[in-house]
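Q: Read off the chains here:
Protein chains: 4
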Amino acid sequence: MDRTLTLSFSCPDASGIVAEVSGFVAQHHGWITEASQHTEHDLSRFFMRVEIRASSLDFPAEEFSQRFTPLAKKFQMDWHLSDSAHPRRVILLCSKQEHCLYDLLSRHVAQDFRFIVPCVISNHESHRKVVEAHGIPFHHIPVTPENKAEAYQKMADLFRREKADFIVLARYMQVLDENLCREFSGKILNIHHSFLPSFAGAKPYHQAHRRGVKLIGATCHFVTPELDEGPIVEQDVIRVDHSDTPESMVQLGKDIEKVVLARGLRALVEDRVLLAGNKTVVF
Amino acid sequence: MDRTLTLSFSCPDASGIVAEVSGFVAQHHGWITEASQHTEHDLSRFFMRVEIRASSLDFPAEEFSQRFTPLAKKFQMDWHLSDSAHPRRVILLCSKQEHCLYDLLSRHVAQDFRFIVPCVISNHESHRKVVEAHGIPFHHIPVTPENKAEAYQKMADLFRREKADFIVLARYMQVLDENLCREFSGKILNIHHSFLPSFAGAKPYHQAHRRGVKLIGATCHFVTPELDEGPIVEQDVIRVDHSDTPESMVQLGKDIEKVVLARGLRALVEDRVLLAGNKTVVF
Amino acid sequence: MDRTLTLSFSCPDASGIVAEVSGFVAQHHGWITEASQHTEHDLSRFFMRVEIRASSLDFPAEEFSQRFTPLAKKFQMDWHLSDSAHPRRVILLCSKQEHCLYDLLSRHVAQDFRFIVPCVISNHESHRKVVEAHGIPFHHIPVTPENKAEAYQKMADLFRREKADFIVLARYMQVLDENLCREFSGKILNIHHSFLPSFAGAKPYHQAHRRGVKLIGATCHFVTPELDEGPIVEQDVIRVDHSDTPESMVQLGKDIEKVVLARGLRALVEDRVLLAGNKTVVF
Amino acid sequence: MDRTLTLSFSCPDASGIVAEVSGFVAQHHGWITEASQHTEHDLSRFFMRVEIRASSLDFPAEEFSQRFTPLAKKFQMDWHLSDSAHPRRVILLCSKQEHCLYDLLSRHVAQDFRFIVPCVISNHESHRKVVEAHGIPFHHIPVTPENKAEAYQKMADLFRREKADFIVLARYMQVLDENLCREFSGKILNIHHSFLPSFAGAKPYHQAHRRGVKLIGATCHFVTPELDEGPIVEQDVIRVDHSDTPESMVQLGKDIEKVVLARGLRALVEDRVLLAGNKTVVF
Chain Y
2 MDRTLTLSFS CPDASGIVAE VSGFVAQHHG WITEASQHTE HDLSRFFMRV
52 EIRASSLDFP AEEFSQRFTP LAKKFQMDWH LSDSAHPRRV ILLCSKQEHC
102 LYDLLSRHVA QDFRFIVPCV ISNHESHRKV VEAHGIPFHH IPVTPENKAE
152 AYQKMADLFR REKADFIVLA RYMQVLDENL CREFSGKILN IHHSFLPSFA
202 GAKPYHQAHR RGVKLIGATC HFVTPELDEG PIVEQDVIRV DHSDTPESMV
252 QLGKDIEKVV LARGLRALVE DRVLLAGNKT VVF
Chain B
2 MDRTLTLSFS CPDASGIVAE VSGFVAQHHG WITEASQHTE HDLSRFFMRV
52 EIRASSLDFP AEEFSQRFTP LAKKFQMDWH LSDSAHPRRV ILLCSKQEHC
102 LYDLLSRHVA QDFRFIVPCV ISNHESHRKV VEAHGIPFHH IPVTPENKAE
152 AYQKMADLFR REKADFIVLA RYMQVLDENL CREFSGKILN IHHSFLPSFA
202 GAKPYHQAHR RGVKLIGATC HFVTPELDEG PIVEQDVIRV DHSDTPESMV
252 QLGKDIEKVV LARGLRALVE DRVLLAGNKT VVF
Chain D
2 MDRTLTLSFS CPDASGIVAE VSGFVAQHHG WITEASQHTE HDLSRFFMRV
52 EIRASSLDFP AEEFSQRFTP LAKKFQMDWH LSDSAHPRRV ILLCSKQEHC
102 LYDLLSRHVA QDFRFIVPCV ISNHESHRKV VEAHGIPFHH IPVTPENKAE
152 AYQKMADLFR REKADFIVLA RYMQVLDENL CREFSGKILN IHHSFLPSFA
202 GAKPYHQAHR RGVKLIGATC HFVTPELDEG PIVEQDVIRV DHSDTPESMV
252 QLGKDIEKVV LARGLRALVE DRVLLAGNKT VVF
Chain G
2 MDRTLTLSFS CPDASGIVAE VSGFVAQHHG WITEASQHTE HDLSRFFMRV
52 EIRASSLDFP AEEFSQRFTP LAKKFQMDWH LSDSAHPRRV ILLCSKQEHC
102 LYDLLSRHVA QDFRFIVPCV ISNHESHRKV VEAHGIPFHH IPVTPENKAE
152 AYQKMADLFR REKADFIVLA RYMQVLDENL CREFSGKILN IHHSFLPSFA
202 GAKPYHQAHR RGVKLIGATC HFVTPELDEG PIVEQDVIRV DHSDTPESMV
252 QLGKDIEKVV LARGLRALVE DRVLLAGNKT VVF
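Protein chains in written order, with the numbering used here: chain Y, 2 to 284; chain B, 2 to 284; chain D, 2 to 284; chain G, 2 to 284.
Some hints here could point you the wrong way.
Where chains are identical, the list cannot tell them apart; a pair therefore holds if satisfied intra-copy or between any two copies.
Computed cross-link-like contacts, DSBU-like style, restricted to lysine-lysine with a CA-CA straight-line distance of at most 30 Å [unchecked claim]:
1. LYS204 <-> LYS188
2. LYS97 <-> LYS188
3. LYS75 <-> LYS97
4. LYS149 <-> LYS130
It is worth saying that the hints were derived from the structure and are not from the lab.
Computed from a predicted model, the values in this text were never measured in an experiment.
Pulled out of the complex, with its shape left as it was, chain Y reads as follows (with noise of 0.2 Å):
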């Protein structure tokens, strides 16, 4: 794999960004291996990601924000550089249920796409043996009414220590406390097993069943102190019919939970989501 660098931003829709923006990467001789771009209208605000070979620039990696500042600052760009050298750091929560955390582990070893998994935080003792199999890290964090304030501020610490740039709620059970939330905002993705904003809330599953609905899906969203309000970043539904229990759908929705979750979290460590308000431009 060759060493990228990926430019994304968004910044006030203007004309000609698109244009400095390729020039200064031509300038150098840069290799463009991948752009896309959006205008969010609504918002009068313009996005794009631009993936770049490190090699064909005529200077070090190391140097391109510093050069690129002016051009960001002229466009008023909200901008993010990332490297392919430092891959995203990624700390997975999970509760009993094991399908998303194996599917995870899974895409971990084989590095389809790339990210670090520091630590796995669980309230539950269930998969430490297998996590600790990986080499990983397994912290066990009971979360009682009691202990609440406190179980949330070790994770804090945990977040903070291993310098989590993402957490994934790999079907956590648990709902996270406000202060997490806003500390690591645009930074926690969670999987609602419903089709959002249909069945928002508890049981999603049990919801759909009492409704007849003919399609079960999930969603894969920022999280945000609003339950399950957040950005969607990424949704998927599968087939079921009135032979169906809220049992058997709970089955079925594993594997559309884990898909669109490994989605969004793919999307997230290559640089591929941004957020425009409380909807997410996915390129």
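Chains B, D and G: place on chain Y using the hints.
A: Below, chains B, D and G without anything else, positioned relative to chain Y:
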């Protein structure tokens, strides 16, 4: 196509129903070409649908109802027998949008599933020519705040006079009045342009765009006096992304609206849809 | 709808293409509403498509070609400019099956994507009425083993006289002759009722049934002298199971055939399809 | 979970089969929780699957086979009875790729569908740790051109000793030898990384890339001595486009490979798969 009798029923759950029904058919040398059954546990109710080749029976098809009645009574069945020699009569209602109407006309021409269209009713003149090119009578019944009662009276008269088995709202943009919904309960099929229960009511694609969902849907359901709350017959979804506007969603959505409505109608005219409270069993 | 210019091209891969093209547009204050690019590494070839709002340019739309020519030459572009003020002219060919024809007529009425149908040609009279109800001329050109050459000559004359940009075989059941394929290379779109390369040739649903596949498909591709071997533009599939017969597959398949063909045509008339050897880039 | 008996059979088509089978169950007060039937007309063969709650019968579950035998003989059934009290034993074979193995281990942990994994066999050591973390024995059996016969002998011994009901090739990258295929005919399930019959043989994603298809697929099928020609149990596809390389297709394909294999295995251990010549009936 061989002549086929289709028996469909629901009844209180009990043991031995399948044995007695299939025994009755076997005893008369009937050839069952398709059979489906389901128990709705919440309602303790059993549902069954059986297709029988008419020519295989040792009595004339016309006698089936009379001969089956004792069994139907024994199990307190809510039952229906239909005969492929008498295809269902389906009145189509449309407004200005063309996609569902053209799709159903195309299926009517093909007779992939069999139904008769005694007439098309619209609150606009737009589609008169194409409907009449099929030899189908076209009735223009404008609906205004002032003439509403009268207009719906006219429609009800047509429904009755034409002996409609079913009425299909093929993107008909008027809300039917309660009396119509009541009188023709279980006979009126609508296509709603969202994945219900999300985005019920007006302008669902605009609601979907605002929420930033990654899939949009369509729902075929029975019309009840409660808007968009009737039993769901069929649903499907299609992928959208950040580059879609409400307008492009409207266009994309057409491709699922027409398919979902057609699948719903097919199930209906083939006696595959049985009501189970506010849900459907679709065999 | 604003007037739009769409520039699409491919050229030998080189650095700086995006910068120069977007620089040219920016320098004339052009507003790019959509842009896509792709490098086909096997061919060392670069592909790009740019939509520009015509009114934003500081010169008349009519001058774009002339002004852009030097840049096109510099990069040895194989390029095309189209103008939304001049929608593409698409001749439809059909036989007895109705589903693709009705679907395209419905889209023509809606103009969700813009195209003109100068005429419909068929080897059967079946659909004359419905075509003429749209005010579209209908030409019945029977094709027999004896009159083949003459029939295809007539068609070629119509294609030329009507200045067809594209010809769509909407389940047209005759194999076009080589001369037609050659003269209108890259302009004739076909829908094949299988997921190519599986089940090329005749009766694909029967082949699929024999092999016991669990999904059947449809493929929209360019027509070349080699039957069913042309570049693929779009494909999709639909689920079947053991209870399906070849006949029911034929019926089910219609629902994907028409959608796949329509998506292919839309991409074509919007200049989203670029040829890359025997493959396509579809932006 | 209630104890369940599952009866599945095929037999020459005749009238009265359903009536007699359901009559037998009803006469012993058996509660049928699921029933499916199908006639394969080309073979004049009837297929049926019935799930019965064991506790509802008026005789011990252990006596079912003996009591049912006369009926089975009468209709010349090829039949099988399975008992949820004795879950199926499934040996997994894998190589270096992890996705199918992890997915099946995850399902084994969850027991969403019930199966026992007596051991995992691999021609590589890669996954020993994670397998053993589940308390499942891991056998490393390298396969080289020289030791092939001996290696397959070892495997056959394990299959027999562990009383495997089924063997799953979870992306096992060696071609099994003919003797194994013959001895364990109808018991070995493979996942092929293409939408068969397209792209049989080696490197299907590279073949797919070369042909420019717009969807790639995966096929779960029984292993027969003819490579990639065995009866198909399940298939699915995923969308790709011009920007995908063979390498990215390999990655994308994993998400369908594992789901398709798991669905196939589930159907198998639940006695939903019946062979009908070179095709399958999947209830």
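Q: Against each hint, give a clear statement of whether it holds in the structure.
A: Going down the list of hints, with the structure as the test:
{"no.": "1", "hint": "LYS204 <-> LYS188", "verdict": "within (25 Å within a copy, 33 Å between copies)"}
{"no.": "2", "hint": "LYS97 <-> LYS188", "verdict": "within (23 Å within a copy, 33 Å between copies)"}
{"no.": "3", "hint": "LYS75 <-> LYS97", "verdict": "neither (50 Å within a copy, 49 Å between copies)"}
{"no.": "4", "hint": "LYS149 <-> LYS130", "verdict": "within (25 Å within a copy, 34 Å between copies)"}
In summary, the one numbered hint that this structure violates is 3.
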